[in-house]
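Enquirer: Going down the list, the protein sequences come from chains A and B. Under our numbering, think of the first position of the first sequence as 1, with each following residue one higher. Under our numbering, think of the first position of the second sequence as 1, with each following residue one higher.
To be clear, the hints were calculated from the coordinates, so they are not data collected in a lab. Hints may contain errors.
[Stated by the list, open to error] The calculated lysine-lysine pairs, modelled on DSBU-like cross-linking and capped at a C-alpha distance of 30 Å, are:
1) 128/A / 79/A
2) 49/B / 26/A
3) 218/B / 416/B
4) 138/A / 50/A
5) 85/A / 128/A
6) 50/A / 190/B
7) 165/B / 194/B
8) 165/B / 13/A
9) 375/B / 133/A
10) 418/B / 60/A
11) 218/B / 199/B
12) 92/A / 375/B
13) 416/B / 245/B
14) 389/B / 14/A
15) 165/B / 60/A
16) 14/A / 416/B
17) 59/B / 60/A
18) 418/B / 59/B
19) 194/B / 218/B
20) 389/B / 199/B
Listed here are the chains, written in short residue letters.
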Amino acid sequence: MTHIQLSVFLENKKGRLYDVCSALGKQGVNIRALTVAESDNFGVLRLLVKEPHAAAEWLKREGFVVNETEVVALEVDDKPGGLAKVLGAINKHHINVEYMYGFVEPLARKAIMVFRFDDPAAALTALKADHIKVITSKELGSI
Amino acid sequence: METAGRKAMDALRLKNLRKVVGYALRTPFYQARLKAAGITSPRDIRSLKDLARIPFTSKEDLRECYPNGLLAVPMSRVVRIHTSSGTTGIPTVIHHTKEDLAVWTDLVARSITATGAGKHDIFQNMMTYGMFTGGLGLHYGAERVGMTVIPMGGGNSRRQIQIMKDFGTTVLHITPSYMLHLHSLLAECKVTLKDLRLKKAYLGAEPYSEDTRRKIEKLWQIDAYNSYGLSEMNGPGVAFECEHKNGMHVWEDVYCVEVIDQRTGAALEDGREGEVVFTNLLREATPLLRYRTRDVAAILKGACPCGRTHRRLARIAGRTDDMMIINGVNIYPSQIEAVIMQVPEVGNNYQIILEKSGSLDSLTVKVEISSGMFKGDLAQIDRLKERIKDNLRASIIISPRVELHEPGSLPVFEGKAKRVVDDRAKL
Numbered sequence: 001m002t003h004i005q006l007s008v009f010l011e012n013k014k015g016r017l018y019d020v021c022s023a024l025g026k027q028g029v030n031i032r033a034l035t036v037a038e039s040d041n042f043g044v045l046r047l048l049v050k051e052p053h054a055a056a057e058w059l060k061r062e063g064f065v066v067n068e069t070e071v072v073a074l075e076v077d078d079k080p081g082g083l084a085k086v087l088g089a090i091n092k093h094h095i096n097v098e099y100m101y102g103f104v105e106p107l108a109r110k111a112i113m114v115f116r117f118d119d120p121a122a123a124l125t126a127l128k129a130d131h132i133k134v135i136t137s138k139e140l141g142s143i
Numbered sequence: 001m002e003t004a005g006r007k008a009m010d011a012l013r014l015k016n017l018r019k020v021v022g023y024a025l026r027t028p029f030y031q032a033r034l035k036a037a038g039i040t041s042p043r044d045i046r047s048l049k050d051l052a053r054i055p056f057t058s059k060e061d062l063r064e065c066y067p068n069g070l071l072a073v074p075m076s077r078v079v080r081i082h083t084s085s086g087t088t089g090i091p092t093v094i095h096h097t098k099e100d101l102a103v104w105t106d107l108v109a110r111s112i113t114a115t116g117a118g119k120h121d122i123f124q125n126m127m128t129y130g131m132f133t134g135g136l137g138l139h140y141g142a143e144r145v146g147m148t149v150i151p152m153g154g155g156n157s158r159r160q161i162q163i164m165k166d167f168g169t170t171v172l173h174i175t176p177s178y179m180l181h182l183h184s185l186l187a188e189c190k191v192t193l194k195d196l197r198l199k200k201a202y203l204g205a206e207p208y209s210e211d212t213r214r215k216i217e218k219l220w221q222i223d224a225y226n227s228y229g230l231s232e233m234n235g236p237g238v239a240f241e242c243e244h245k246n247g248m249h250v251w252e253d254v255y256c257v258e259v260i261d262q263r264t265g266a267a268l269e270d271g272r273e274g275e276v277v278f279t280n281l282l283r284e285a286t287p288l289l290r291y292r293t294r295d296v297a298a299i300l301k302g303a304c305p306c307g308r309t310h311r312r313l314a315r316i317a318g319r320t321d322d323m324m325i326i327n328g329v330n331i332y333p334s335q336i337e338a339v340i341m342q343v344p345e346v347g348n349n350y351q352i353i354l355e356k357s358g359s360l361d362s363l364t365v366k367v368e369i370s371s372g373m374f375k376g377d378l379a380q381i382d383r384l385k386e387r388i389k390d391n392l393r394a395s396i397i398i399s400p401r402v403e404l405h406e407p408g409s410l411p412v413f414e415g416k417a418k419r420v421v422d423d424r425a426k427l
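Bound-form chain A, shown alone (with noise of 0.2 Å):
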């Protein structure tokens, strides 16, 4: 089960940020999960929310520069540990993280990382076999 995140290139500038979060909000569009990445004059802008393609699709209407990433959302026991459990899974496997981020779901007291796996099909079945809880959209919606 794999999930699409947008990715949004944004240049360094001012009220960029504001421009595609208010491009969403007037379209009805709720953010789950959001996270920048930056570098010299531009970030990546990473965001989950419930129909990505009709967001997507959205939003290159409005200007921007969007792609769809596939990402997996494992959900991580809100506690000491809890992330160093599912991280070791993962290590064992050999697989490749690209990057990752995490947001805390305080009533189930239970944490979602979302990772960006090089090979997402290898990574589910691995995580699968030690148990690890994947996401679905399902959930991912109910949040």
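Since the structure of chain A is already known, use the hints to place chain B on it.
Expert: The following block gives chain B in isolation, referenced to the frame of chain A:
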């Protein structure tokens, strides 16, 4: 005339050179200049070789003669005035008699015909009308050919696209930078290439690289022809590419073209790059002898497969005014363009920024990425930036800073593009 032999052409050129020297001698400016060179009558021009005895005319000369100092006929015979934009100071003025305009119109018509276009074509002219010669020059030439002319002028991009679609425009006259910009608006206007009937574009008014031409041809699925002209020599129609698109035929029955070493003024042989110098053989109101254009190019060696005997001018490499001296190295903006337009991930616009950092010059090249190339990966963008930087360093020696920008974020120009921002002088 287009396939005339050298001998017949030279006989005609000599006759016309004498005529234009006669007109020039009516102005106090040329009377003094030519007298100092021992020429007081058209009869002093005995062969075409005597052209070399005539001193050069510079842009400064034209400015000093502002507004009417070079006028060789009574003002009552003048039917139109064109001036340069004058962005760098006093404008240069060119007066035209009715006969002058007829010559110009014929040359533009000849140029259009040489590209294979004709009266069945729908011609949309996106060059600015008015004092700028790109608008009216092509307009009257296209009418002479019998094309259906849509005199849009510059700007108003969405309407341009709508008109192209509604009237089935087949030929455009446009600057290369604007042509690239228009393509980026097609999707937004919900117009695809299938909705258009475009076949050709005449690209002029600013220097651009061969890779930019190829990019435009590929994006639009058309043939793009290089056009050269300058208001001092009437405007467009001085040199134009034929169907073979391999250099611009200079219409040598009307223009004497020379390429000179810009420092010494010495004539350079065909094939060597230098400053281009023109003499307009058929102009009554404003005769200009050996006018230094400040444009840098070479005359191509060899014959064109089309059979025209008029020699070909290579793509303009730059303007002597455009040349940037960066930490002592001479660089033309066109060299930078040639490098970045070879990179497939690069979009349709770029900008060159020059600044002082301490006592050294720093060069920043801002490049728009093409939206389809982005794979969501930061490292990919960083690698692209490094690649552009390495390619530039290999070509121009200087190591630039490269900035990547979103499509549509850099300034757009509807007329001549101003791609170089030099902030060094302000410090």
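Enquirer: Against this structure, judge whether each hint is valid.
Expert: Right, here's what the structure says about each hint:
no. : hint          : verdict
1   : 128/A / 79/A  : holds, 21 Å
2   : 49/B / 26/A   : violated, 73 Å
3   : 218/B / 416/B : holds, 22 Å
4   : 138/A / 50/A  : holds, 9 Å
5   : 85/A / 128/A  : holds, 14 Å
6   : 50/A / 190/B  : holds, 27 Å
7   : 165/B / 194/B : holds, 10 Å
8   : 165/B / 13/A  : violated, 35 Å
9   : 375/B / 133/A : holds, 28 Å
10  : 418/B / 60/A  : holds, 28 Å
11  : 218/B / 199/B : holds, 12 Å
12  : 92/A / 375/B  : holds, 28 Å
13  : 416/B / 245/B : holds, 22 Å
14  : 389/B / 14/A  : holds, 25 Å
15  : 165/B / 60/A  : holds, 23 Å
16  : 14/A / 416/B  : holds, 29 Å
17  : 59/B / 60/A   : violated, 48 Å
18  : 418/B / 59/B  : holds, 20 Å
19  : 194/B / 218/B : holds, 14 Å
20  : 389/B / 199/B : violated, 35 Å
The structure is inconsistent with the numbered hints 2, 8, 17, 20, although it conforms to all the rest.
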